[in-house]
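Going line by line, the protein sequences match chains B and P.
The opening residue of the first sequence carries number 1 in the numbering used here; numbering runs sequentially from there.
The opening residue of the second sequence carries number 504 in the numbering used here; numbering runs sequentially from there.
Just so you know, the hints here were simulated from the structure itself, not pulled from any lab data.
All residues carry an ideal CB built from backbone N, CA and C; glycine is no exception.
A few of these clues could be false.
Some chain P residues near chain B, calculated using beta-carbon distances under 10 Å [claimed, not checked]:
| # | residue |
| --- | --- |
| 1 | Ser511 |
| 2 | Ile512 |
| 3 | Arg518 |
| 4 | Pro534 |
| 5 | Leu536 |
| 6 | Val558 |
| 7 | Arg568 |
| 8 | Gly579 |
| 9 | Met581 |
| 10 | Gln582 |
| 11 | Ile585 |
| 12 | Asp591 |
| 13 | Glu594 |
| 14 | Gly595 |
| 15 | Ala598 |
| 16 | Lys601 |
If you want the building blocks of each chain, they are given just below.
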Amino acid sequence: MLDLTYESPKPKTIAGATGDWELVIGLEVHAQVASQAKLFSGASTTFGAEPNSNVSFVDAAMPGMLPVINEFCVAQAVRTGLGLKAAINLWSAFDRKNYFYPDLPQGYQISQLYHPIVGEGEVLVDMGPGVARMVRIERIHLEQDAGKSIHDMDPHMSFVDLNRTGVALMEIVSRPDIRGPEEAAAYVGKLRQIMRYLGTCDGNMQNGNLRADVNVSVCRPGDYEKYQATQDFSHLGTRCEIKNMNSMRFIQQAIEYEARRQIALIEDGKEVVQETRLYDPDKGETRSMRSKEEAHDYRYFPCPDLLPLEIEQGWVDDIAASLPELPDAKRERFVTDYGMTEYDASVLTAEVESAAFFEEVARGRDGKLAANWVINELFGRLKKEDLSIADSPVSAAQLGGIIELIGKGDISGKIAKDLFEIVWTEGGDPAAIVEERGMKQVTDTGAIEAEVDRVIAENPAQVEKAKSNPKLAGWFVGQVMKATGGKANPKAVNDLVAAKLGL
Amino acid sequence: METLSPMSIDVETARRVAKLARIKVEDADLPALAQDFNRILGFVEQLNEVDVDGVEPMTSVTPMRLKRRQDGVTAGGMQDKILSNAPDAREGFFAVPKVVE
């Protein structure tokens, strides 16, 4: 096993009029299961289809239609649970959560209140080298997503699209172990990363495939430790739930605002009322969702259309055996195997595709050099052109070829950048390009020496100056490099210039 | 035998239940509805007299396993049919009176 030693970050404190306050945060993350079809119907989950075209009669809740569970969605939930080191419940069941809304044709959401498929787990949230927060997962359950209401297409009507209705969601519920806005965003980021490694959720927040409800409360320093010691919530303040956020930035802003609002209330001698709130990014504030309060009685009961979901240990074991190497393990391995910094390892393992690309570049070559080139040259260039690693014009094999040429001493680092540019724009085999275009580094000391001698002979005044000011040797090196079109081995030129000038 | 007193449903609770179910009940009818609820609950309460300690809840009369489907697209592409019962539909959407949070 990996030896993951880390320190817990300090909780965020906010200075109030009556002293310091700390934040206590728990999240419910809704992650769309990556699948072809919906949780209980055979309609497609594709984003951006014509409105109401990815809808079956089950999703539209036509009378007499019955839900039939998509086994792959169950496997995906189990896979996610295993990735979060969580207990898998071989026996789980579905319940109906009843409420009325135009984008919920059934009049209830099928969810798992009483017996979720995944139990307690944990996730390590990195907050910088050697600093991380262990966040406990309470449960993960499977449920249906609702449809989409559009309010701005008509002044008097709302338009409803049921394409998303019935798509499988995993609701991942954390314990209140998160202690600040940055930690909350990092937690969502880590869940996203793990699920993308697992292939269970694409994590596209813009499309709403990953959304979070955030529970925020405030307490005095010391109170949280009392809660942790006893698991007794009475040590914590009253919480408010901020609904449905799909941006890391908004999550942080909403938490910050909400904590300050609660502190102001308490310090004013008022009380925080437990309620559901909505974050308004334009105004930068949260406000009460009163209508939600009134209908908050969901009258859950076991869904009579569905038998309990029973799965076999052997099936779970097969899924466990197919799990990929996860981010924490990969990062540790990159540090150990390639001798790179933890920071570089974090950058390279952020996305599973980047990590795979790097490993192909580094295979049988200088790992540190490969890391430098992937991070600085390739990622830098991709970012500039707004491209993803999958769209990189330079393949891993090509970049590996460039690094190999540097390693062999065939080209200098500077020429390598020119070569990278050529491969980026024109493509081709790096070794062949170097050969054809005569980019090979001149390591023949005889040729370099002749050039050094020439420059010295032509510039007697500079030679005199250099004798009293050895820094001027750089000027001679520059002249030789220029004369050789940058192909001379810089170290050889340096050594020769120093020797000839007697420095 | 001990008689368990059923949970008492008053008129206000009956009103709330009706509202949650979006069923319109006139004020005059609420007391009778509340009484109905109480009779139903009283009937169900009788089940508490049975000792079910150590008995697993029965979820199916016959030993059946939850039916599963493969992850494949088998339905959809019928916007017209989906919208055909809608009182109002525009540009492929259901159109409903404005609901804004």
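task: Against chain B, run the beta carbon of Lys601 (chain P) and see if the smallest gap drops under 10 Å.
output: 5 Å, holds
message: Does the closest beta carbon of chain B sit nearer than 10 Å to the beta carbon of Ser511 (chain P)?
response: For Ser511 (chain P), the interface hint is violated, since the closest Cβ of chain B sits about 17 Å away, which is over 10 Å.
Interface hint compliance - Gly595 (chain P) to chain B, C-beta minimum distance less than 10 Å: Result: holds, 4 Å to nearest chain B Cβ.
query: With 10 Å as the cut and Cβ atoms as the points, is Ile585 (chain P) at the interface with chain B?
result: Constraint on Ile585 (chain P) satisfied, holds at 5 Å.
- prompt: Holds or violated: is the Cβ of Pro534 (chain P) closer than 10 Å to a Cβ in chain B?
  reply: At about 21 Å, which exceeds the 10 Å cut-off, the nearest Cβ of chain B leaves the hint on Pro534 (chain P) violated.
message: Given a cut of 10 Å on the nearest C-beta pair, is the interface hint for Arg518 (chain P) held or broken against chain B?
response: Hint violated; Arg518 (chain P) Cβ to chain B Cβ min 13 Å, cut 10 Å.
query: Holds or violated: Glu594 (chain P) as interface residue toward chain B, Cβ cutoff 10 Å?
result: At 7 Å from the nearest chain B Cβ, Glu594 (chain P) passes the 10 Å test, so the hint holds.
message: Holds or violated: the hint that Arg568 (chain P) contacts chain B, with Cβ atoms closer than 10 Å.
response: 7 Å, holds
query: Should the hint that Val558 (chain P) touches chain B count as held when the rule is a Cβ pair under 10 Å?
result: Constraint on Val558 (chain P) not satisfied, violated at 16 Å.
- request: Mind checking the CB of Ala598 (chain P) against every CB in chain B and telling me if the closest is under 10 Å?
  value: 5 Å, holds
query: Regarding the hint that Asp591 (chain P) lies at the interface with chain B, is the smallest CB-CB distance below 10 Å?
result: 7 Å, holds
Chain B contact restraint for Leu536 (chain P) - C-beta distance below 10 Å: 16 Å, violated
In the structure shown, a violation is registered for the earlier hints numbered 1, 2, 3, 4, 5, 6, in ascending order.
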